[in-house]
Each structure stands twice: as C-alpha cells, then as structure tokens.
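If you want the building blocks of each chain, they are given just below.
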Amino acid sequence: MTRDTTAGPAEAVTCTALAYTFGETRAVDGLDLSVREGEVFGLLGPNGAGKTTAIRCITTLLPVPAGMVRVFGHDPAAERMAVRRLLGYVPQQLSADAGLTGRENVVLFARVFDIPRRERADRVAQALAAVGLADAADRLASTYSGGMVRRLELAQALVSAPRLLILDEPTIGLDPIARTGVWDHINAVRAVTGMTVLVTTHYMDEADQYCDRIGLMHRGRIQALGTPAELRQGLADRRRAAGAPATDPLPTLEDVFRDIAGSGLDDQSGGFRDVRSTRRTAHRVG
Amino acid sequence: MSEAPAAPPTASADRTSDAGTALLLRPPEPRAGWRLLPARIVAMCAVELQKLRHDRTELYTRAVQPALWLLIFGQTFTRIRAIPTGGIPYIDYLAPGIIAQSAMFIAIFYGIQIIWERDAGILNKLLVTPTPRAALITGKAFASGVKSLIQAVVVIVIAALLGVALTWNPLKLLGVALTVVLASAFFSCLSMTIAGIVLSRDRLMGFGQAITMPLFFGSNALYPVSVMPGWLQAVSKVNPLSYEVDALRGLLLGTPAHLALDFGVLAGAAALGVAAASSLLGRLAR
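These protein sequence lines are chains A and B, in that order. Taking the UniProt record's numbering, the leading residue of the first sequence gets 1, the next gets one more, and so forth. Taking the UniProt record's numbering, the leading residue of the second sequence gets 1, the next gets one more, and so forth.
Treat the hints as calculated values from the structure; they're not laboratory data. From a predicted model like this one, the values you see are computed outputs, not experimental measurements.
Coverage of chain A stretches by chain B, computed from C-beta distances (three or more under 8 Å per stretch; other residues unrestricted): (1) 108-117; (2) 157-167.
Under 7 Å between C-beta atoms, here's a sample of chain A residues computed to sit facing chain B: (3) 61; (4) 81; (5) 95; (6) 104; (7) 122; (8) 192.
Here are the simulated distance ranges between beta carbons: (9) A:138 x B:174: 29 to 37 Å; (10) A:240 x B:26: 44 to 52 Å; (11) A:25 x B:272: 30 to 38 Å; (12) B:26 x A:233: 35 to 43 Å; (13) A:139 x B:76: 45 to 53 Å; (14) A:119 x B:134: 24 to 32 Å; (15) B:53 x A:258: 50 to 58 Å; (16) B:134 x A:241: 56 to 64 Å; (17) A:29 x B:177: 47 to 55 Å; (18) A:122 x B:214: 49 to 57 Å; (19) B:261 x A:29: 53 to 61 Å; (20) A:67 x B:214: 44 to 52 Å; (21) B:29 x A:187: 23 to 31 Å; (22) A:122 x B:233: 56 to 64 Å.
Where a beta carbon is used, it is the ideal one built from N, C-alpha and C, also for glycine.
Excised from the complex, chain A in its bound form (with noise of 0.2 Å):
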C-alpha cells in the first residue's frame, strides 16, 4: 500500500524509465509517464513505437524490476494482485468467446473478479446496459458485429469497477460509425464512474477529439506530452519562429507527429508482428 511520495496521490499511472527488451529489440526504452486521475490520456505511436508492449508492462502480463510502474501507488513486480484488482483491460484482438453468449462472457469475468453471487447478475445487467448490449445479451457472441464485440469486450471491463481502464487499440478495424459508438459508450460510463482512462491508438483524429492528455511515442520513449491543443499550438510556434506565415492553418497532430519522429517513419514502424496480429483483429472483424 506504500504510495509513491515524489508521484503525489493524484497520480493513476506512473511509469519511471520503463525499459523492457525482446531479445535484441528495445520495445521500450526508458518511457517516462504519468496519468492523472480521472483523465483519458492517449498512448499515441505507430505500429511499433512500443505502446503495446508498455501497456503490458503496466497491466503485468510483462515481468518488469521494481520501482519502474506505479498504478494508484502499487508496483506491479511487488503487488501483483493489488494492481489487477484495479485495472480493466481490453486488448487490441477482440477477444470476447465466441462460444459463449454476450451475458456468460460477462459473467466469467465478475466470476475471476470474486464478485458475491447474489450481485452477480444485477452487476453483469448493469454492465452490459451500460454499453447497450441489454436486448443481445443472450446471443451467441459470435453473431456480433466488430463494434458490439468491442463493447462487449468493454462490459467485461466494467463489471469489476475499475478505477482505471486500459483500452489497447480499441477501435482498430471498426468502421467509423462503430468506432464512434465505442468512445461514446466509454465516455458515457466515464462520466458516471469518474474513472481514469489509459488508451493507445494510431488514429490522430480520435485521439484530437476524444483525449484530455496525449503523449506521442516513438522508439518506446515519450517524444511530447500535452493536451492536443497544446501539441498543435507548440508546432505553430516552432513552425512561425522559423518563418512560416500567422496565416497558415493550425496544423493537426499528425503534422505534430510527423515533425517529432522526423522521416523514416514509414520503413521504421511496424514488423510482422504486429501486421500479423492486426490482420488477425481485421479477420475476425470479418
């Protein structure tokens, strides 16, 4: 239960020179980090700049030494248990059982949640009305759609109460009608929970819309860190104090992000890997 004093109690996350290798390939290489309470921050990067593999370290599915991850000031390597209690976790896959109904999907995660029986299933109910799945929830999950897997995926998040909710990719391989449906539904219990939001993704203009704090990765570091009007303004001002006309347009995050990794993005991001598990996600979607 020790917090940690230098991070301050309104800290969901912090991460402190987070480093972590896969054989030769740094994934990430020394990311500093902190999520406030209560905030949605964006993990922005391209395929590759190492934002999966960060949000392993914080989930603990990554062994990482002591003193690098603080969730609400447990460290994962010592308190295992303590930081799983508090996350929701959506991976990048949709990863909801197709073999079983939207309801038992639900149900097997208030089961590992170690939630009594006798609010089992009024807690299960309240998820899944919570992200609009009251009328299918009987349905097999595999006669969903992306974006109802998606929200399933969300309501198996939700039934434990977190006070921090991890959404890797959430709307990778939706269409832009699900993909909206998604972050409405993620706002909405937002606005009644109060709960922190930490979500990585790789489209500039759901992060510009939907995020209170963004930090743009590349190389598995931190390369700038703000909110996106602020990201955007500081590119104005760097791009006017080396002469560009006040009558360009505000430039968008993507130019932020462009301007940060420099050229050689396209050759640098991504591996197999991840195409493979991207063409994996998109399989599925159908």
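We have chain A; now place chain B onto it with these hints.
Then chain B, alone, in the frame of chain A:
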C-alpha cells in the same frame, strides 16, 4: 460477422438509465485466499459447460471412436480369447481402458484451446484478473476434467448397452469420476505444458498425435501388463494412463486393483502437471 449491422452510437444514454449503474461504482471485495482456487475452478468449469450447452456437436462426434473400439475391437477380441483377462469377457476388460483412452484424447488436445485463447487475446485478459497463474491452470485442468467426465459417461452408457457388466454402486461411480478428473487434469496440463513450449497450434497438434498412441499402447488399456515385453512394462509403470485404467477396472468391474497407489500417482501427476504448465504460462502471455 461482416453483414451484422453496426452498433447505433446513440443507444447508450437511454439504456444506461433503466438498469442503473450503482454496482459499477463499487469494486468487489477480494475473496479470502483459500476460497480463491475453488472459485476459479468453478468459473472455468462453468464456461466449459456453457460452451457444451450451446454446441453439442463435439459430444456426438467424440462418441464415435470409443463406440467403434468397443463394438469392433472389443467384440472381435472377445471371440478370439487371445488376451488373458482374468476370467472376464474381453469387452468388459476393454471398457475401462476405452473410457480412459477417450478421456485422455480430449485432455491431450486441451492445449490447443489455450493457444487459441492466447491468439484471441482471451488469455491475456484472464491473466490481468486477480487470478494467480497456478489457479488459472488448475481451473483449466478441472474444466478439461469436466469435458472428459461427460465423455466418460457417454462411453459408460455405450458399454452398458453392449452388455458390459459395470457397477452401479454410487460410491464407486464417484471414485470413477474422481479418477477421470484427476487423470484428465494431468493430461491437459501435459498438453498446456507442451503448448507453453511450442507456442503454436500446428506444432501442438503434431505433438499430440505423436504421444497419444504411445501412451495408449504403452498402458494396460488393451492388454494386461503381464503379457508385455519387459521394456514396455517399464513404460507402463511410468505411464499415468495405466494407473487410471487400473483404478477404473477395480471400481467398475471389481477386479483386483491398487486404488491407493492409483489415486496417489494420479494426484501427484496432476500436481506436477499444474506446476509445469503454470511455470510456462508466462511464455504464452508474452
């Protein structure tokens, strides 16, 4: 999935209100340590039963092989009288062997499911719940035991229809159930251990195919240990399937058996299997 309609983005607000969200604000209390393992076993077994309820195809297709063994092999060898069975008809002698074999076949491919769950992201999601790895593996092992148990019931019914004189003593049948579940737990852990090493469904299929027949023929399922050559007797001595068959024969037919030794070996093997599979689970989470 592709033809399913996209989710209407507006459904959230009105739906949220009628089920309420009060329970989603309150995190559940952690369960007392000793109650965690049984709770996880129940959760995993419930999933297995729900899946079987939605799709019974497996139940029927898996009944074909044991039925053929008993019908063709069993009836033919009963006539030939080539195998010393201690005075009982060969088909009676064979029935417990086929129960054990068909239950093992289910368990030995259980690792395929865990690789599928890893590819689908389900495993990662379960690993971010307050479930220690050993508890997750034990839960899965018992879930496989439930599947095998249903298979055993089917084979027992087939055997009874073919006129095999089996016991109907409920205590002995309870012992049969325990035997099947313990052995299944071991074989499924063996499968999940291999899954943790090979990390791919295709390779696991290959391994499964390669070891099932040696385990089957290197046991007392088809013939007594006494007629085996010396080296095969040694194999049979370290083969948990032999202990399973010995216990099943003793319980179902009343032949002389070493029940204490059988249960001891099966429980020990299951515990070892859980330890091995949980220590390799981290490789699947990576």
